[in-house]
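Going down the list, the protein sequences come from chains A and B.
Numbering-wise (the numbering used here), the first sequence opens with residue 2 and increments by one.
Numbering-wise (the numbering used here), the second sequence opens with residue 2 and increments by one.
It is possible that some hints are incorrect.
All copies of an identical chain are treated as equivalent in the list; a pair is satisfied when it fits inside any one copy or across any two copies.
As the list claims (entries may be wrong) - Below, a list of computed lysine-lysine pairs in the DSSO-like style, where the Cα atoms sit at most 30 Å apart: (1) K119 with K108; (2) K28 with K58; (3) K58 with K40; (4) K40 with K119; (5) K28 with K108; (6) K128 with K58; (7) K119 with K28.
Just so you know, the hints here were simulated from the structure itself, not pulled from any lab data.
Below, each chain spelled out in residue letters.
Number of protein chains: 2
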Amino acid sequence: MAEKKADQFSAAVNCPIRQVLDRFGDKWSILVVELLSHKGRLRFSEIGQHIGDISQKMLTVTLRSLESDGLILREIFPEIPPRVEYELTPLGMSLVPQIESLTNWGKEHLETILHNRKTYELRQKKKITY
Amino acid sequence: MAEKKADQFSAAVNCPIRQVLDRFGDKWSILVVELLSHKGRLRFSEIGQHIGDISQKMLTVTLRSLESDGLILREIFPEIPPRVEYELTPLGMSLVPQIESLTNWGKEHLETILHNRKTYELRQKKKITY
Numbered sequence: 002m003a004e005k006k007a008d009q010f011s012a013a014v015n016c017p018i019r020q021v022l023d024r025f026g027d028k029w030s031i032l033v034v035e036l037l038s039h040k041g042r043l044r045f046s047e048i049g050q051h052i053g054d055i056s057q058k059m060l061t062v063t064l065r066s067l068e069s070d071g072l073i074l075r076e077i078f079p080e081i082p083p084r085v086e087y088e089l090t091p092l093g094m095s096l097v098p099q100i101e102s103l104t105n106w107g108k109e110h111l112e113t114i115l116h117n118r119k120t121y122e123l124r125q126k127k128k129i130t131y
Numbered sequence: 002m003a004e005k006k007a008d009q010f011s012a013a014v015n016c017p018i019r020q021v022l023d024r025f026g027d028k029w030s031i032l033v034v035e036l037l038s039h040k041g042r043l044r045f046s047e048i049g050q051h052i053g054d055i056s057q058k059m060l061t062v063t064l065r066s067l068e069s070d071g072l073i074l075r076e077i078f079p080e081i082p083p084r085v086e087y088e089l090t091p092l093g094m095s096l097v098p099q100i101e102s103l104t105n106w107g108k109e110h111l112e113t114i115l116h117n118r119k120t121y122e123l124r125q126k127k128k129i130t131y
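Isolated chain A (complex conformation):
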């Protein structure tokens, strides 16, 4: 019984936290939330330009997920051509510190990680050669 309880942590497929992690546990969502936290309000095309290498389809899916979760607000201005802008909701803003702490960790350990990758690659090559 105790064993079973210890197993119920966030990685388990049936754990409710997975329903959240399945959504914002991807780099595009993380990047969009971070971008909007820096820029305030942005149009669809501006978000795409800032991120650079995201496809239009993936950006549409990401924004729709974030909107559906209540993390961003989508506002349509009835102009010609119609203008659509996105901004963080208070809920989205409450996620920013967590994301910043994750990216700060990344910045802090970037050099170590890149060095580790190089060493790993060399070790793999050596394994193949000999």
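Chain B: place on chain A using the hints.
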């Protein structure tokens, strides 16, 4: 110039932080790090069993990436059949607080998010009907 500088944040494709986020900014890496932080050492099959819905191929890729980045250590025991175990390195352990803060945020706001999703879905259906 100031405009250009303000644009250099983590979402930009050429920003070095992306090299890190491209790797651990996915739910599988997050789940494996969290799992190992709870369980200590685990075998390949045990990790798969705990996560539940990860394919063998995706688990292999995830573990290899985490090993290459120096976040986990892979140890092979020369037994028959050979036993392979994984555990967090000190670098991997240093990522745990960030991940826990992210999953804690998820736990805290889970109900709101699920409610938002339901409302969003209903609104979308309404749009189609009328």
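Do the hints match the structure? See the list:
1. K119 with K108: within (18 Å within a copy, 36 Å between copies)
2. K28 with K58: both (15 Å within a copy, 20 Å between copies)
3. K58 with K40: within (22 Å within a copy, 38 Å between copies)
4. K40 with K119: Between. Shortest inter-copy distance 29 Å satisfies the 30 Å Cα cut-off; intra-copy 35 Å does not.
5. K28 with K108: both (15 Å within a copy, 20 Å between copies)
6. K128 with K58: between (40 Å within a copy, 21 Å between copies)
7. K119 with K28: both (22 Å within a copy, 24 Å between copies)
Checked against the numbered hints given earlier, the structure satisfies every one of them.
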